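Residue strings, one per chain:
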Amino acid sequence: MAELSQNLLMVAFFCYFAATVLFAVSATGKNFKNSSGDYVNRWGTYGFIMSIIGVLFALGYFGFRWAAAGHAPVSNMFEYTVFLGIAIGIAFVILYAMYRSTILGLFAMPIIMLIIAYAAIFPQEVEPLIPALQTVWLEIHVLTTALGQGILGISFVAGLIYLVRTIDVSKDRKNKRTFWLEFIMYGLLSVLGFVIVTNAFNFAGYESEIEYAAPLEDGETYQDVMDYHLPPIFGPSEGEVMTEGAMAPLIELPEWLEAGDVNSVMWALLAGLVLYGLLRLVFRRRVSALLKPAVRKVDPEKVDELAYRAVAIGFPIFTLGGLIFAMIWAQIAWTRFWGWDPKEVWALITFLFYAGYLHLRLSRGWHGEPSAWLVVIGFMIIMFNLIFVNLVIAGLHSYA
Amino acid sequence: MEKVTCECGHQNPYGTELCERCGKPLKEQQQLLNMRYEGVARRSQTYNRSVVDKVWNFFSSVKVGIWIIFLILVASIFGTIFPQEMFIPPNVDPAQYYGEEYGIAGEIFYTLGFHNLYGSWWYIALLAALTTSLIIASIDRVVPLYRALKNQRVTRHKSFLSRQRIFGESDVASQDATYEAVKEGLKKKKYNISEENGNLVAEKNRFARWGPYVNHVGLVLFLTGAMLRIFPGMYVDENVWVRDGDTVPLPGTDSQYYLESEGFTMETYDEDDEMYAEALERSGGPITETYRTEAVLYERVDGNVVGVDSEQQKVKSHDIEVNDPLTYDSYSIYQVDYKLNELYEMDFELESEETGEVYGDFTVNLFDPEDSYEIDDEREVTIHSYFPDFYFDDDNEPSTRSSIPDNPAFIFAFDGPEVEGTEHRFVGIQQNHPVTEDPVYNVSFAGIDTNHVTALTVRKDLTLPFLMAGGAIFMIGLIQGSYWTHRRIWLQKRGDDGFYVAGHTNKNWESLKRDVNAAIDGTDIESPEDQIVKKEESKKQSASADDRADTGEADKGGR
Ligand code: HEM
Chain D
16 MAELSQNLLM VAFFCYFAAT VLFAVSATGK NFKNSSGDYV NRWGTYGFIM
66 SIIGVLFALG YFGFRWAAAG HAPVSNMFEY TVFLGIAIGI AFVILYAMYR
116 STILGLFAMP IIMLIIAYAA IFPQEVEPLI PALQTVWLEI HVLTTALGQG
166 ILGISFVAGL IYLVRTIDVS KDRKNKRTFW LEFIMYGLLS VLGFVIVTNA
216 FNFAGYESEI EYAAPLEDGE TYQDVMDYHL PPIFGPSEGE VMTEGAMAPL
266 IELPEWLEAG DVNSVMWALL AGLVLYGLLR LVFRRRVSAL LKPAVRKVDP
316 EKVDELAYRA VAIGFPIFTL GGLIFAMIWA QIAWTRFWGW DPKEVWALIT
366 FLFYAGYLHL RLSRGWHGEP SAWLVVIGFM IIMFNLIFVN LVIAGLHSYA
Chain B
11 MEKVTCECGH QNPYGTELCE RCGKPLKEQQ QLLNMRYEGV ARRSQTYNRS
61 VVDKVWNFFS SVKVGIWIIF LILVASIFGT IFPQEMFIPP NVDPAQYYGE
111 EYGIAGEIFY TLGFHNLYGS WWYIALLAAL TTSLIIASID RVVPLYRALK
161 NQRVTRHKSF LSRQRIFGES DVASQDATYE AVKEGLKKKK YNISEENGNL
211 VAEKNRFARW GPYVNHVGLV LFLTGAMLRI FPGMYVDENV WVRDGDTVPL
261 PGTDSQYYLE SEGFTMETYD EDDEMYAEAL ERSGGPITET YRTEAVLYER
311 VDGNVVGVDS EQQKVKSHDI EVNDPLTYDS YSIYQVDYKL NELYEMDFEL
361 ESEETGEVYG DFTVNLFDPE DSYEIDDERE VTIHSYFPDF YFDDDNEPST
411 RSSIPDNPAF IFAFDGPEVE GTEHRFVGIQ QNHPVTEDPV YNVSFAGIDT
461 NHVTALTVRK DLTLPFLMAG GAIFMIGLIQ GSYWTHRRIW LQKRGDDGFY
511 VAGHTNKNWE SLKRDVNAAI DGTDIESPED QIVKKEESKK QSASADDRAD
561 TGEADKGGR
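Sequence order for the protein chains is D and B.
For the first sequence, our numbering gives the first residue as 16, with consecutive numbering after it.
For the second sequence, our numbering gives the first residue as 11, with consecutive numbering after it.
Possibly wrong hints are sitting among the right ones.
[What the hints assert, rightly or not] Below, a list of computed lysine-lysine pairs in the DSS-like style, where the Cα atoms sit at most 27 Å apart:
id, chain 1, residue 1, chain 2, residue 2
1, B, K198, D, K307
2, B, K198, D, K312
3, B, K549, D, K191
4, B, K198, B, K214
Hint data in this document are derived by calculation from the structure and do not stem from the laboratory.
None of these values were measured; they are calculated from a predicted model.
Modelling step: build the complete structure from the supplied sequences, incorporating the hints.
Below is the structure:
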């Protein structure tokens, strides 16, 4: 059953790809105006249908894996990240139904694919649950939080569209806005690059072990082994390569940095740089300029409202799942509803950030572009909490 | 202060910008009306004389509120750079720890007090400022807003309508037919219609306007609840270790309750389980599936004479597991930790040093050793000293680290017919030396008994009801304000051959426009204009004309 579910996820992935193509045709094709004054065309509708099919297959993966494991598949990095991708898909379907924005599909689908592909880098086997996770609160808390984050993800997509649409990225413009927009593009390409590089080295069967002295709580050390699936640019301090013929780390890091994780980040940044450089070389234009033709017809007012609407819908769900249900569960499992664990604090930071955003929108000057930057930053905070806080600032939550 | 009378006859409070009843601007206004709070008189916008006014105005400003939120956000980030003090190992000195672990950055972190950031006075002051701001900003707005929405009349002053963001006027062939058609259209969109003199206002979801205030009330309740912890007795948070079979008084309950552990068990996942095989292999060791304490709770019942005549009465038994505490009265007892196979009893044999002849044996309970053990009628072993967790201290004297028998050691004293006076011997794990010369007796280990120990946390938290009520009210308000929007559409006769149409919403203008367009669809009324978009477009057109001139790239833009 677990295998069937993996296959369904594959199918979903290809549906999202097909939907991307359909939305691309729609964005560059011919439009007509419908009764409420919005531009739509048939290709957009086909894309929408395809994305719904994709979501259904993804839910199929989810259901079968749930049945196989006996608990909702959201208990490790692979499962959680995939579900975040699924949640963005669901959020897209809801917001498309409200605003009929095909351009939203063109941007959302690839981002969903990117997230699922990123998830697939983590170990995928079904894992047993530690005692703290054996409760329905796992499902209640995590599913609600991820759904909220998924909807906030759509606000990020809409914000990005707004920026690509309104910022002038023609060659002779050079300012902070063009720089940061390119920076976002570079960030997305880094994730893509990381996925490609990791899969390539996995495919080639690269593996290397480095032994090092890991610190214990009481100040002593013990010999531990770090598994590398990417060649070590960064290694642990005074590590010793155990695998024959494998390269030695170029740079040694202090003990309190997780060398393996820093190494992954470095590879991501480098791979992103290569991809970005290639695109610039081939097209001789900014990467965001390459997206311009697709957003020509976009009404900025409408995507601005769409981004806000996604926050208005997603924020309460995120708060319910990520703070309120989280507190109830923490009170039951850990004896206290709040413990200032880094993951908890970052959920609070996310909450405060979007609360700040909502209040800024009360004043007119913050509509439009500033607002779009904010929703982009907001989603980066969410991703930071998922990736960085989980893997690097280990706390009670790092079960991945 | 004196009231302001509008030409429609309504008496408005001092400071009102738009007549509460007909909407006529009473003060100078920009081209479009500022409709945020219906132009009502808000205290913060009206008075600015006394200190109270100044404080009030400061805290009622959204800008200030945003600053407070932002400061809390940034402060919270700083607290996650390195672990908080409560997460570092308990036996280290924080003053050294941060410097040693994290270098110079760690030292700065510690010096600034960030190792205990969330309990610092300034973090709590920020939370207090947030609470104050929430209260004042809400009161400043909600009271007048309520009055303005209640007083509003259907028929509006023309200048009120024409200076709405959504506004249009159209000639129509038949006023009556058009009126009815639009009214039907609005009804279909689920608007409530109020009519007066052949004009109408269609309104929907006014209750959504109270959403922010409801959620702010919830937040204030929550924050107040959290601050109640400073009062003693509001909460209990104690740890207790219980050995299998023991009954102990529960700390934090004034010896009102006792808990017995009938046994602790731990299970790990079956390594042959196919589904988890891969994961178990990667983890490199067994993974705990569950651990539980079979607990029985007793309550002390006082007899006639308090303290003397008391006995314990069983009140509840429950298997305590992670995620499943024992709850009774206002206390909850949680499973938090355990220690398997802790030393519990040690068996010794008393024998002759020379021949090895065994005289008899004795058993020492490591938690509650007796003073002496009679071996037979003549011989006796006395415990001279007991070190449950033996080590040599700084002065090289035998000593103990704690009362937990992790490394028990004894100095025994022997009495019997074979010796004159008393003989001493030091016995510990892997250690056995006579203290007196020419020893006659020896003791040897005959066995040990171990026990599981469970760690439980006793909790009582009287602030929880406030927090739960606050959280629930917050969520209700949040949903109320986020999932519905207050929309109004005015349809007003212009003479006898036309109509004014105007619309206002507090957010999501695109959706409002869709409603208006759907309602007038099929009538003579033209789609009203969005005056903000119109203004911006005309601005942009002149700007982008310049743009195109100097970049040569034509960007068609727009709708
Ligand atoms: C973390 C704390 C806070 C949260 C979660 C919060 C939440 C909210 C939400 C969700 C809204 C509705 C926004 C919308 O519909 O777009 C709102 C509105 C508002 N908030 Fe807050 N708020 C917080 C703190 C504050 C503070 C400190 C102030 C003080 C100035 C404030 C003043 C306001 C005002 C004036 C409104 C507009 C009310 C209206 O439109 O009628 N809020 N708040």
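Flag every earlier hint the structure violates by its number, smallest first. 1 and 2
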